[in-house]
Amino acid sequence: MKELLFSLLLLSSNYVLQAQTEIPANSKNHSIDKYISNHPLAAGLVRIGKEGIETGDNKVLDAYFSDDFVLHSASGDMNLTQLKALWINWRYALTDFTITREKIMVEGNMVAAHTIFSGKFDKELKQSAVGPLKPTGKLVKFEVISMFRFNNAGLLAEEWVMNDGISFLNQFGVDLLKQKK
-11 MKELLFSLLL LSSNYVLQAQ TEIPANSKNH SIDKYISNHP LAAGLVRIGK EGIETGDNKV
49 LDAYFSDDFV LHSASGDMNL TQLKALWINW RYALTDFTIT REKIMVEGNM VAAHTIFSGK
109 FDKELKQSAV GPLKPTGKLV KFEVISMFRF NNAGLLAEEW VMNDGISFLN QFGVDLLKQK
169 K
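Just so you know, the sequence shown maps onto residues -11 to 169 in our numbering.
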């Protein structure tokens, strides 16, 4: 667990300790622009982003997540049903909604990942921390750092996620720092 926490810190600063079973995608001058473990849990995380979350395929999602899945975030905990509703909201509001896994590291049944969500904000985002948001027509790109725990059956049981909420809202046209006149 200590090794995974240390690895998570390294993810955010773009430096990675290479494990013997992991290969950086870009090793030119030891630059780690993209780093994906070759572990099956890493491959599954990439696949669920593309085949489940981006598409909304509930059969794929239900087969990947445990029945008691919990996402822990600064906004509170969510179960899979609530998380699916969030993804529906994002897919609706963002044309070409895309999930890119930039970095993934695996230690036992724990996975750390740096993920980028992106798309063109051209429809109303019906739910956010500040209520519905009107489309800006601009490309948005928001990043999260997550830790995932898989259960003994290999299903995703828990996720802890951190993101920059102010940056997220700014990209959706909300300026929280702007004073009311």
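Hints listed in this document are in silico derivations from the structure and should not be mistaken for laboratory results. For glycine and all other residues, C-beta sits at the position ideal for the given N, C-alpha and C. Be careful, since some hints might not be right.
[Said to hold, decoys possible] Straight-line C-alpha distance at most 16 Å; calculated EDC-like pairs for lysine to aspartate or glutamate:
hint	residue 1	residue 2
1	Lys38	Asp50
2	Lys129	Glu147
3	Lys72	Glu146
[Claimed, not checked] If you anchor each label on the Cβ, the simulated ranges turn out as follows:
hint	residue 1	residue 2	range
4	Thr88	Asp110	16 to 22 Å
5	Leu165	Asp45	37 to 43 Å
6	Gly161	Lys47	30 to 36 Å
7	Thr86	Pro28	21 to 27 Å
8	Gly44	Gly142	34 to 40 Å
9	Val34	Gly96	28 to 34 Å
10	Thr88	Asn140	28 to 34 Å
11	Lys166	Gly142	44 to 50 Å
12	Lys126	Lys38	29 to 35 Å
13	Val118	Leu143	40 to 46 Å
For which of the previously enumerated hints does the structure constitute a violation, in increasing order of number?
2, 8, 9, 12 and 13
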